[in-house]
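Keeping their order, the protein sequence lines are chains B and D. Here the first sequence stands for residues 1 to 228, where the numbers follow the working numbering. Here the second sequence stands for residues 1001 to 1353, where the numbers follow the working numbering.
Accuracy of the hints is not assured; some may be wrong.
[Unchecked claim] Result set (BS3-like, lysine-lysine): computed pairs, CA atoms no more than 25 Å apart in a straight line:
hint, chain 1, residue 1, chain 2, residue 2
1, D, 1289, D, 1308
2, D, 1197, B, 181
3, D, 1197, D, 1183
4, D, 1215, D, 1289
5, B, 181, D, 1289
6, D, 1197, D, 1289
Since the hints were made in silico from the structure, they are not lab data.
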Amino acid sequence: MGSSIRKAIELILSADPELLNILATTAKVCLTSSVIALILGVPLGILYGAGRFPGRRVLLVLNRTLMGMPPVVCGLLFYLLFSGVGPFRHLHLLFTVPLMILAQVVLITPIVVGTMETFVADTAPALRETAKGLGFGPGKQFRLLVNECVYPIFSAYLLSFARAIAEVGAVAMVGGAIAWKTNVMTTAIMTYTNRGSFTLGIALGLILLSLSLLVNVVLSLLQRRFSQ
Amino acid sequence: MKKIVSLILALVMIFALAACGQSAAPTTTEAPAPAEEPASEAQTAETEPEQPEEPEVDALLVDTCILMEADDAMINNYSLLAVNPEAPFVDADGKPVDDVELNTVGAAALINWLLSEEGQELAANFGYEEYGEYLFYLKDGRPVSTAEIPEATEETRLIRLSTTTSVNDSGLLGYLLPIFEEKYGYEVEVYSAGTGKSIGNAKMGNADLILVHSKSQEEAFVADGFAYVLDGMPGERLTWMYNYFVLCGPSADPAGVKEAPDVKAAFAAIADGKYSFISRGDGSGTHTKELSLWPEELGISAEPESFKDYADWYISANAGMGACLVMAEEMGAYILTDKATFLTFVANDGKIG
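Just chain D, same shape as in the assembly:
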């Protein structure tokens, strides 16, 4: 019996792989369309018994919606920082390391391009076609670069960028970087994690520049000597674009967040009524912002001890933004999120398996 089952499964897999090879080869010609169609038709035929489920899945639209945005307290600033080759790097034992190799030329080239007129315009227009809204805005008084950008050489070709998940998951980097790479011949490796981990990675000498969104953590990075001022730039922290954090929740809005005069009042209303709230709880930029918005007398901080009395409604998820959004959707809970990730989530229909 076992033998038969495994043989059948193997055959299915071989069939699938063969089909994969077939459709993979002629992608450049016009031929694959008719070749692929019978396969997908066969597929729908096979899954026919599950058809009744189909409309339900389609009807499962995201109920979670944006209830409050564009409040000044919810501005989400993004900054670029070039890692200083002379920084006081230390190894795992705390011993100083003075010959960390960084691609300073490449890092400067990428920063100068992102801050050039071309780079800024591309970032500002990103997402409008797909979502009908701008996802990132340019900051007033932002640094603008007119510096000449050198072509990549063998030594400077590889640039290591350590960044936060929101700029990567929203698709901004996937949109910008290929244009830069094509034009100047560089190759940018993106290491994407929460702001805390991204900065940690740079402090270990594994990044040439960082793109993050947590003012306090950036300032600590500068104060420790890990960043430096590029030629012609006003400072170490180059804050050039922003968007808004948005407060989301169930469309019925039981806490009446929509009517609240400002975001702090909205958070107070959620806490008053003990409505479920999902916190990232992972030391990310979003988590840091959320902690600053609760009424002070609640005393909510990053320490688990500080919210143990609110455990019936304050849920510290310790997970990525997307996973938390799915959780909020499932529980009909309130949540603070960056707008770009939320729009991507809605575009995905917020479906789960």
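Chain B extracted, bound-state conformation:
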């Protein structure tokens, strides 16, 4: 481990252009996909949690099933759809960053929805009582709910970001780990491992963990500030 830590620090200090490219691609893919998942997932989660409409239970069960979708299955599905022989072949999206983002959005949106739904289902009834007592209309009720949800929104984002940055199956399938284009941290670790460069793999893993830590610390601080 000692030599791996040294190697990780050496790697960062050397500012190797390929490493910087991998880091930039990783950041682009994970940040974009997790933000899109948040934008899609939060309203949907509130709707599932607070809404009362027919078919809600079915949708919930579906969502919980999707939460457990193996990344490699998601990747395989997109590989087949966007392959040279697939139905969406004319879009020329296979082995590009946008398709990696799309696959990750499909993978992590259910996690945001699930987290939000759990929280909202718990707080919505009491909140509705209060709002009714104060004579709020539906619009104001919704805004009050969102206001209450700041803390879980941060938690949902962190969960989805963690899933996005950690998964390898989907990005490897649809991205193809092409150097200078679609190679991200996790696929680079796979490549190095296959070449027998375990130390370099661990070094990249340490950098990945440190980045994840950094994002978590920053967001946790923000979470505390905004939810007070």
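Given the structure of chain B, go ahead and fit chain D onto it with the hints provided.
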């Protein structure tokens, strides 16, 4: 307590990132050398307690060495195949797809360049400076191209090459392709996997050409109609360079492989003495070659059933070449590998974390 630990870690990370930014910015000037030095000095100072470990790591040279090479049965041929735009592509449900878009112009340009005098000379000289040995040799009677290579246009710029890990990991493509790209304005995307997966990727319409090393799999690809003959070329399979598979093992060589008259006898000696042998076991070109070298009466094939009686010494790793080499080094086992990957492995000191 937790808070303090995470804050300290965050600070370390911020420091590292800041240092990274500092050294990244002025790389073109002469200034960074003194700026970087204190940082690395500080680093050595920090890791001082681990110093006693250092010499041991340095002394850990690779024990695995080449025991047999240049046997005719161990020739490793590399071929280029242009993917046929009229190939009988089928989608995941087996329905025919007749409008797969391929960059045939780009694929032809890359093949013509690799087979041109310039491309061949570059490939033949590759690796000599770094390893003191040639990694790839040109084949006698190879196809040579004198065709004019067109400059890239907006439609033909992107070329998708599906290839095997050995040509990519040895650094050959990283050496050749930038020269080609610079000269003609193309951009080559390299998809690198085992030969089986590479060919599968091309059959899904995701590659314009393939560069692989498994004769039987290439012939099946041609027979299925997935390759076609380029103008002025002798056939679909353009075999132009080769190197050797090498049989490696512990330097003590308990099986006496070095004295064996040929590679088949060497494999028989390993099997006789039940010395550990690491097999790729992943359907790659190297795996296919290894299976053909065992004495026939053992009946070793790709089926797990066929070697279950030899499980005490025949290890089917199902992993990449590098990972298998590390395994062989750790276990003092014998292994079949392509020479280029082995030399790269030794140059890396075969170190593990």
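Check: For which of the previously enumerated hints does the structure constitute a violation, in increasing order of number?
Finding: Violated hints (numbers, rising): 3, 5; every other hint is consistent with the structure.
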